[in-house]
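My request is simple: use the sequences and hints to build the entire structure.
Number of protein chains: 2
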Amino acid sequence: MNAAEFRKIGKEMVDYVADYMEGVHKRQVYPDVDPGYLRPLIPDSAPQEPETFEDIMKDVEKIIMPGIASPACTELETVMLDWLGKMINLPEAFLAGKDGEGGGVIQGSASEATLVSLLAARTKVIRQLQDKCPGLTKAAIMDKLVAYASDQSHSSVERAGLIGGVKLKMIPTDDKFSLRGSALQKMLDEDKAAGLIPFFMVATLGTTSCCSFDNLLELGPICNKENIWMHIDAAYAGSAFICPEFRHLLNGVEFADSYNFNPHKWLLVNFDCSAMWVKKRRDLIGAFKLDPLYLHNHSYQVIPFDEMLCPHFQHWQIPLGRRFRSLKMWFVFRMYGVKRLQAYIRKHVKLSHEFESLVQKDPRFEICTEVVLGLVCFRIKGSNELNEALLEKINKTKKIHLVPCHLRDKFVLRLAICSRTVESVHIQHAWQHITELATELLKKENEQKMNQ
Amino acid sequence: MNAAEFRKIGKEMVDYVADYMEGVHKRQVYPDVDPGYLRPLIPDSAPQEPETFEDIMKDVEKIIMPGIASPACTELETVMLDWLGKMINLPEAFLAGKDGEGGGVIQGSASEATLVSLLAARTKVIRQLQDKCPGLTKAAIMDKLVAYASDQSHSSVERAGLIGGVKLKMIPTDDKFSLRGSALQKMLDEDKAAGLIPFFMVATLGTTSCCSFDNLLELGPICNKENIWMHIDAAYAGSAFICPEFRHLLNGVEFADSYNFNPHKWLLVNFDCSAMWVKKRRDLIGAFKLDPLYLHNHSYQVIPFDEMLCPHFQHWQIPLGRRFRSLKMWFVFRMYGVKRLQAYIRKHVKLSHEFESLVQKDPRFEICTEVVLGLVCFRIKGSNELNEALLEKINKTKKIHLVPCHLRDKFVLRLAICSRTVESVHIQHAWQHITELATELLKKENEQKMNQ
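Those protein sequence lines, which keep their order, are chains P and S.
Remember, the working numbering sits 63 above the position in the first sequence when you count from 1.
Remember, the working numbering sits 63 above the position in the second sequence when you count from 1.
Hints in this document: simulated from the structure, not taken from any laboratory.
Nothing false has been slipped in among the hints.
Subject to a maximum C-alpha distance of 25 Å in a straight line, what follows is the list of computed BS3-like cross-link-like pairs (lysine-lysine): (1) P:207 to S:230; (2) P:71 to S:74; (3) S:89 to P:410; (4) P:89 to S:71; (5) S:201 to P:255; (6) S:462 to P:89; (7) P:462 to S:89; (8) S:230 to P:201; (9) P:195 to P:343; (10) S:230 to P:230; (11) P:71 to S:89; (12) S:230 to P:195; (13) S:461 to P:89; (14) S:121 to P:74; (15) S:89 to P:456; (16) P:230 to S:201; (17) S:74 to P:121; (18) S:391 to P:391; (19) S:125 to S:391; (20) P:74 to S:391; (21) S:391 to S:410; (22) P:89 to S:410; (23) P:391 to S:74; (24) P:74 to S:74; (25) S:125 to P:459; (26) S:424 to S:456; (27) S:232 to P:201; (28) S:456 to P:89; (29) P:125 to S:461; (30) S:459 to P:125; (31) S:195 to P:230; (32) P:207 to S:201; (33) P:459 to S:89; (34) P:232 to S:201; (35) S:207 to P:207; (36) S:125 to P:462; (37) S:207 to P:195; (38) S:391 to S:161; (39) S:89 to P:461; (40) S:459 to P:89.
See the structure below:
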């Protein structure tokens, strides 16, 4: 949507909201729909081609408004998570469908999804162990529980361990910053020998630092064999899996218990919208379910409540209140269509490779890790101090903005392609700007050396 | 704002956003402002009288846009929480000010605020005990930790205990459903004698079931003496404290460590916006702080970072990402002014008393608890079954919607005044509707009795 279309449609939406407010007193206070009313009214997967805003608004009137707010809000979310799951070719077991045991939910952030998974895994293992040995206290078990992630995983994983009150160990990655099965198995063996209870592992697809990928096909079978909940955090990279040529990066998800990525990062859905799926929804619910009378849904419950038809998302997450975030997904998926979303991802990846080529052609610079998606890790061949000085120069000039990282002992610059409107010309300008500043910097450094 | 004004202003806003998008490439990628830039630019408290939308938008250009997004977003939030803190006359210790140790933050929901407080309290007590006895493990301490709330507290409190992995005990309330100091002290004495470690208590102001109030003036000194973190959950009732005549309900907050209420419930700020304050922000940060390089804020950190000037809210909450929710507060507080917000609260309370009088005049009905704010708990004098049947009749007719509760062994109906546009006529209609249905129901019941 360009700015002119946004002006037109935006103003129509303002009128739509005002009309609603002016007529709200004529509406029924509670919908007439039965649980599960929404799914049969909409297609079971996202359209390939774009649809018009007018057509979507007609469906808002026809499909959403009769079930406003809670049934529509919850049911559209379930169906949208199924659409998105199919777009990335998630195994059937993660989808809610009409009678699946899995399903998706929108969380606020990948941090929350990691925490929620860890808590579900913690509850599950505690119950299993207490079933076996009824004398065991929760605290005695928690004292032995240990969770795992790679040394490249996001800080929110460590935080989830902190909040969940369990040990969390960082396992060293290989030379491509990927967590391998052998490294996990080695630590598991040591920990079990020491009397600890491994119960949870986070595998990362597309690490924050350098967009590296943990080896799911090695890690998955180990987790399954050892009764470890495998959660996959693909916060950034996950959007790319809508393209068949990148889907192989998700191979091994079939071994996972939960999977998460953020459409708000790279799929044109506004912040916040973090999509999370579980294979067994009862495991999530088990961790959170409490059921006071004032949270019952009285009229709606005249028909016996069926979690299959309409989940109670309050048991799937930390907060109780919820916003109608699946509307954003519905509009974006239909206004773009799968093909244009794929084209959007491909364009970003193409631009990152364009930047990679520019770096490779300049002998003063080096590429630090394989460029897989929209992130390029690079640096001047030289000291960390030199690269820190370059970063400071770049960010002080404020024409582009880079966020750095450490890869082992190296200070590394990161160019991330992430704007909706980015074009080749921006990449070319960015590189020209960086090399100009680098030339200045290196010249000054050489002069200083000469004067010494 | 009526619908006509909304149409006009809404469309201006659409143009504002479109203009921004069309010109965004000409903007600097990073702001020039120094930490703490925003506070001196705006008044140190909310206006008493309404301001115009035009004046606020001028300030958006002048004050917000130069610091877009992170510094403006964070700094406006700090100042808005100070504004709101002053509106409810919170003790100085909870405000950030220029150099305070306390401060406010926007959470997504009261559930999250309770959980965050419990986690902060847990971290604090574990550190204190490990400092005293360095051999103690975290798990050994957690096994003994016990948190408290009243038997009327919201289910999210029990959930916070579940997530935090600590015991949570519900203390019986008195005949006004209020938690009293003597009941707390009794349970503390028993638990300490049994070797447990009390560390956290949630006091509720305005319980969900019947809007009762725990006795802060009795509970507070006990918590302070016993080294128990007192968190106050005033999710619904908190908005009323902007009126001096209701502020006495908050007396005793000076003993608390953290305080929370939801402006999204009753202060005309859209969902979500849950305001939370702490006396010692370092206690919150201590529970969550992890500090990877990619979360550093490089350009902004050229000036040595000062938590006093601009807090890092990622350490104050569960998710890492944040939205610019303080803008909602800024617009609402200025467009209404404190006086009109007070008038809004007073109108709702007046209407609930109007409904209360109607109930009292009908000898078939009874009021179940004191009407303090906008909630009226009432029932037909008679069996629970009769009241359940009445509720079903009311909610099936779908003219009004009531959510019930249990108070001890009684099934109770709750009329909540919560619409922005509610007027006396709605209250009168609601009561007329309820009594008509009750008459039908009682007539039918009498006929059945006659036929037996």
